[in-house]
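Asker: Listed below are the residues making up each chain.
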Amino acid sequence: MIASLAACGGGESSDGNTGGGSKASGEPWILGTTDPVTAVDPAGSYDFGSWNLQYNIFEQLMTIPAGKSDPVGDAAESCDYNDPKTITCKLRSGLKFSNGDELTSSDVKFSLERNIAIADPNGSSVLLGQITDPKTKKLAEGAIETPDDTTVVFHLNAADTTFLKLLSTATTSIVDEDVFPADKLLDDSKVIGSGPFKLSQYKPGEQAVLEANSNYSGDRKAQASQIFVTYFKDPAPLKQAIQSGQVDIAWRTLSPTDLNDLEGKSGVKVIKGEGSEFRYWVFQLQNKAVKEKAVRQAVAQLIDRDAIAKDAYDGTVTPAYSIVPPGFGGQKDSFKEKYGSPNVDAAKKILQDAGVKTPVDLTLGYTPSHYGPNAVDEATELGNQLNESGLFKTKTEDAEWEEYQTLYKQGAYDLFILGWYPDILDADNYLTPFIRDGGFYANHYSNPQVNSMLDKELAETDTNARNDMIGQLQDTVAEDVPLVPSWNGKNVAVASDKMKGVEETLDPTYIFRFWMISKNG
Amino acid sequence: MRRSPLAPFRNTTGLARWILLAGALITVVFLIMALFAPWLAPYGFDQQKVGGVKFPKLAPPGGDHLFGTNDQFYDVLSRVIWGARTAVEVVSISVVLSVLIGVPLGLISGFVGRWVDRMLVFLMDALYAFPSLLLAIVFSFLLRGPLGGGVVAAALSLTVIYIPQYFRVVRNTTVSAREATYIEAARAIGAKNGTIMGRYLFGNVIQSVPVIGTLNAADAIGTLAALGFLGLGIQPNEASEWGYDLSRALDDAASGIWWTTFFPGMAIVLLITGLTLVGEGLNETVNPSLRKRRLMPVEMPANEPTSYLAEGDAAALGAGAPNFRRRDDEPERHHGDERHRRPAEPGAREDESR
Amino acid sequence: MSAGSGSLPRYIGQRVLLVIPMIWVLLTLTFILLRVAPGDPVSAAVGGKLNEAALDERRAALGLDRPLIVQYLDYLGQVATLNFGKTISDNRPIVDVIRDNGGATLTLTLGAFMIALIIGIPLGLLAGRHRDSARDVVTRIFGVVTYAAPPFFTGLMFVILVAPLGWPTYDIASPMTKFTVEPVTHILLIDTLIAGNFVAFIDVLKHHVLPCFTLGLLLSGVFIRLVRVNLLMTLKGDYVEAARARGIPERYVIRRHAFRNALVPVVTVIGLQVALTLSGAVLTENTFNWPGLGTQLFKYLTARDYAAVQGIVTFFAIVVVVVSLLVDIVTAIIDPRVRY
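Chains as they are written, first to last, in the numbering used here: chain A, 818 to 1338; chain B, 225 to 578; chain C, 7 to 346.
There may be inaccurate statements among the hints.
With a Cα cut of at most 20 Å, we get these calculated EDC-like pairs of lysine to aspartate or glutamate [to be verified]:
#: 1; chain 1: A; residue 1: Lys1210; chain 2: B; residue 2: Asp270
#: 2; chain 1: C; residue 1: Lys92; chain 2: A; residue 2: Glu1205
#: 3; chain 1: C; residue 1: Lys55; chain 2: A; residue 2: Asp1240
#: 4; chain 1: B; residue 1: Lys278; chain 2: A; residue 2: Asp1121
#: 5; chain 1: B; residue 1: Lys273; chain 2: A; residue 2: Asp1123
#: 6; chain 1: C; residue 1: Lys55; chain 2: A; residue 2: Asp1254
#: 7; chain 1: C; residue 1: Lys55; chain 2: A; residue 2: Glu1094
#: 8; chain 1: B; residue 1: Lys278; chain 2: A; residue 2: Glu1205
#: 9; chain 1: A; residue 1: Lys1020; chain 2: C; residue 2: Glu188
#: 10; chain 1: C; residue 1: Lys55; chain 2: A; residue 2: Asp852
#: 11; chain 1: A; residue 1: Lys955; chain 2: C; residue 2: Glu63
#: 12; chain 1: A; residue 1: Lys1226; chain 2: C; residue 2: Glu58
#: 13; chain 1: A; residue 1: Lys1007; chain 2: C; residue 2: Glu58
#: 14; chain 1: A; residue 1: Lys1226; chain 2: C; residue 2: Glu188
#: 15; chain 1: A; residue 1: Lys1226; chain 2: C; residue 2: Asp62
#: 16; chain 1: B; residue 1: Lys281; chain 2: A; residue 2: Glu1094
#: 17; chain 1: A; residue 1: Lys954; chain 2: C; residue 2: Glu58
#: 18; chain 1: B; residue 1: Lys281; chain 2: A; residue 2: Asp1121
#: 19; chain 1: A; residue 1: Lys952; chain 2: C; residue 2: Glu58
#: 20; chain 1: A; residue 1: Lys1020; chain 2: C; residue 2: Asp71
#: 21; chain 1: A; residue 1: Lys954; chain 2: C; residue 2: Glu188
#: 22; chain 1: A; residue 1: Lys1155; chain 2: A; residue 2: Asp1131
#: 23; chain 1: A; residue 1: Lys1174; chain 2: A; residue 2: Asp1162
#: 24; chain 1: A; residue 1: Lys1007; chain 2: C; residue 2: Asp71
#: 25; chain 1: A; residue 1: Lys954; chain 2: C; residue 2: Asp102
#: 26; chain 1: C; residue 1: Lys305; chain 2: A; residue 2: Asp1036
Which bits of chain A does chain C cover? Going by a derived footprint, with three or more residues having C-beta under 8 Å, they are [as the list claims (entries may be wrong)]:
#: 27; segment: 932-944
#: 28; segment: 1061-1067
Don't read these hints as lab results, they were simulated from the structure.
Remember, it's a predicted structure, so these values are computed and weren't measured experimentally.
Glycine residues also receive a C-beta, built at the ideal position from the N, C-alpha and C atoms.
Just chain A, same shape as in the assembly (with noise of 0.2 Å):
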């Protein structure tokens, strides 16, 4: 069956390079995937599953190697900053589109500079915020030069040392000058990047299918001849066709449930790797019942993050005790260090020497139709967790996600659940979004040495001496609590025996690196 759907892939790329095989000669595999693709179109996206598509797609300048944290060069032999605000990249000679188009500093730029352009509301434009005219909501004059064919050279706006990771994501993906409109998307199955593979056949919502880019010189080599993305609308089926062998990998994202009934099935394995993925419960604090810090700090004090792990999502999390999930650069468990395990007594005490009476009434605020059907599983674990005490009288409430946000936000809820995925694979990524001014969700959290130190820590291009501040940080957190990290996700895919390369790509980027994935018939 494979063999004859190679046959019939090839027959369909006929059209465009055929000399491909000569490359890649694995056999052809099959993804199945939940996480749903908004646009193929760098431009017009910003979610996982039109991202990893782009990433198999288009190159970057820069590239996160698997398992590493820190970029290296991609179409850029090498990106170097001459000072914290001037980035120079020297791209690779010799690059092609997958239509034979050359990649030159000029396709850098255009990419770039249509995405800001075309601001589409699905789009990502946002994170280039330091190339971008704050007034005229272009790219900004002269933020980008290009001296030469091969010479790329970016003046930021402000000091940066996260713009090289930036610079890595799929939002920055060079595209062909020559193909896409600059003030609007192309069409999905149209695009023309210069990544390991090219798409060759796309349905939206449906399935894509990958082959191996001929023109493609990069050390992304890909294993495979061709790929085939099939998209799942729910988590049941994928689990059913990963089983029955129509999938050769499930990656994002099977129920807890799912992954244990597997756990122990022949024929496939449960690899899990290191997420980012991260869940914390929010305080508002202009909110009358959480104003007092020694209350957010009985809190912490009290959260059983282990029982939440194990009984809302079956031990597919592991617990959080930082804001900054493990593996980044001067991360450290704060939360561990400040309070131990969860004691009853020692919350009584936070609550008795602050003067607090108990029990304290505390509203839970969830959302059951955004971040899965195991959040309610959470806010009710937590909430008992609270009640338990006798130092709390906690009651949880719900909306759904669009009601949800605007309610959190006006103070519905004195301490609510919210979700992250980083944009970039930055210590700092988690901080500044969090704790600036009471960050994106405005929990009226305001600590002007918070703001000094973030300020610091971004423009500082010694890595000791960030993470030492990086570190500080993670300790007002614990400190302060305006928010209490509960856990981060694993990085988890189901392969069929017969995949290689699965365990290496699972790593906190969520970049499902194609070219690395082969099958053994």
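Chain A is already provided as a structure; the job is to place chains B and C on it using the hints.
Answerer: Showing chains B and C alone in chain A's frame:
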């Protein structure tokens, strides 16, 4: 199979009575479950542990958990019993509310006529023609913010769907009764509009309400479960709701875990069946006026001003609207002129027995 | 009815004219309900990621900051010119959505109808023929129960029973089939035949079995009821009595005269069931992950994709209204009494 001329009638009555009885029995069992849930259910609907020890997760039926436990550590038997309470609460609130709103509106619309009637009919028909599941979904979006994911929000979402049904029946009955002799007589002796409506018309049109009410209740159980199944209904820590439990069971089904699906699902089926049987039984026994009117072909005033939407077309649209569990043999179709439209209307069942 | 005169063309003309305000009302209602419901496409997509200012910028880019009345008129204008536009959340032409996913809904509903008829007609005839007997009672109860069982429950039970056997329980085809079959008509069952791929055809057919049965069972209850009542009525008809009086054997009377006449009205009622079928399809599709319009509708509804939801609802409305219009016209032609 020749019978004596009287046999069919006697049999029908017997059968109708039997159906009514069976339905009533099932319904009463669920009512008892609803009323006495705290005593009947072994555990609370959101109880996860007893004596500080957590229940096993997804334990098969048997032992301490007769129907097993689900993936939320809840006892399935308790969830099923408490679910009856939720269903009864939601459905009674929504049926009562839609009767309270739909009946007076229909009465006024049918009696007053003119533009009031036309406007109301148009509005109600639009609501009626709108896919009811969609309507319920959107209203649950709307109501869950201010009211939370509880019983009241769910009940109100359902109310919106069912108001038009009462309105239509009552209005059509009112329109046809308006010109009836006894109303003419009342008018002749100088009765005021309010009196006519309240005393004469109301008594007449209200007879069909219990039948629609029961059938609507059956329908509402289904819609409530559908909302829950789509994840828009009542939250598990607010109350136990069968549809929600089924949505959680989706993942279990592929892993061969049947008890989390089977028991709540059977509860839905049984309660809907019970209510439907009661409704049908009622329709055949309690409401002879309905049957009688059915035999008299034309009661519709020939020049009824509300025209198209009010009658024939509304029926076509109403019946044609995408509506989960719309019953094509609802008693409302027996009214007005609609029965001429399709010679073999299912609602005309049992007519021939007289 | 005010249309006292009864000429057929006039009646049809009136019915056709009425379609337009009815669709307009549906569109308006959809528009209002969507806008009143909390949230919008922007907050649904990136609400947890961006701050309010960035969200507002995106709303403005979509034109959602314009006055509602302007957006409404804009929308009506689009519908009037049959320009459905693109979805907001994933940038697909809405016509494509309807075309790509409509095929799956079509085969699902047609299959369900076939099953409903295959189950419903014989059982209905059986029940009507042996009125008030045990068979009648059992059949009627069967009808009530199948109608009472929500499709998602029936569907899940099927999945539990059949999944261990390896029978396909989700989706319209296995991934292989989807990759290999070229879309021509966008109705997969037909496309596999056009491709001459028999293996794929069988695969798609197998995938149809459970969903069609689930929805078919739901509908069969309606048909059982309907056929039974129709048979009872025709058995009372003059011509049946006349046939009996002529001494024609009862079995022959029933088979020759009553059955056929009892089934004629069923044809028209099939049309009216489109509605029930469509919303039953929404739930059935969600249970089986069927790539039809029902799942799409729900998906876009949660994404607050105004354009997509409005487009799909408009399409549903047109289908329903047109089908009931056709049924009315057919009925009017068959039975002149209908035109009051």
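Asker: If a hint holds in the structure, say so; if it doesn't, say that too.
Answerer: Checked hints:
1. A:Lys1210 x B:Asp270: Holds, because 16 Å separates the two Cα atoms, which is no more than 20 Å.
2. C:Lys92 x A:Glu1205: 52 Å, violated
3. C:Lys55 x A:Asp1240: Within the cut-off at roughly 10 Å; holds.
4. B:Lys278 x A:Asp1121: The given pair, whose Cα atoms are some 15 Å apart, holds under the 20 Å limit.
5. B:Lys273 x A:Asp1123: Holds - the C-alpha atoms of Asp1123 of chain A and Lys273 of chain B are around 17 Å apart, at most 20 Å.
6. C:Lys55 x A:Asp1254: Roughly 16 Å separates the two Cα atoms, so the pair holds.
7. C:Lys55 x A:Glu1094: Holds. Lys55 of chain C to Glu1094 of chain A sits at ~13 Å (cutoff 20 Å).
8. B:Lys278 x A:Glu1205: Holds: Lys278 of chain B and Glu1205 of chain A sit about 14 Å apart, inside 20 Å.
9. A:Lys1020 x C:Glu188: It holds: about 11 Å lies between the C-alpha atoms, which stays within 20 Å.
10. C:Lys55 x A:Asp852: Status holds; Cα separation ~17 Å.
11. A:Lys955 x C:Glu63: Holds. Lys955 of chain A to Glu63 of chain C sits at ~13 Å (cutoff 20 Å).
12. A:Lys1226 x C:Glu58: 10 Å, holds
13. A:Lys1007 x C:Glu58: Distance of about 34 Å is beyond 20 Å: violated.
14. A:Lys1226 x C:Glu188: 49 Å, violated
15. A:Lys1226 x C:Asp62: OK: Lys1226 of chain A and Asp62 of chain C at ~15 Å, within 20 Å.
16. B:Lys281 x A:Glu1094: 25 Å, violated
17. A:Lys954 x C:Glu58: 16 Å, holds
18. B:Lys281 x A:Asp1121: The given pair, whose Cα atoms are some 19 Å apart, holds under the 20 Å limit.
19. A:Lys952 x C:Glu58: Judged against 20 Å, a Cα distance of about 17 Å means the pair holds.
20. A:Lys1020 x C:Asp71: Measuring from Cα to Cα gives roughly 32 Å; hence the hint is violated.
21. A:Lys954 x C:Glu188: 43 Å, violated
22. A:Lys1155 x A:Asp1131: 27 Å, violated
23. A:Lys1174 x A:Asp1162: Answer holds: Lys1174 of chain A to Asp1162 of chain A is near 15 Å, not above 20 Å.
24. A:Lys1007 x C:Asp71: Distance ~32 Å between Lys1007 of chain A and Asp71 of chain C Cα, so the pair is violated.
25. A:Lys954 x C:Asp102: 33 Å, violated
26. C:Lys305 x A:Asp1036: Violated: Lys305 of chain C and Asp1036 of chain A sit about 39 Å apart, past 20 Å.
27. 932-944: holds (count 5)
28. 1061-1067: holds (count 3)
In this structure, the hints that do not hold are numbers 2, 13, 14, 16, 20, 21, 22, 24, 25, 26, in rising order.
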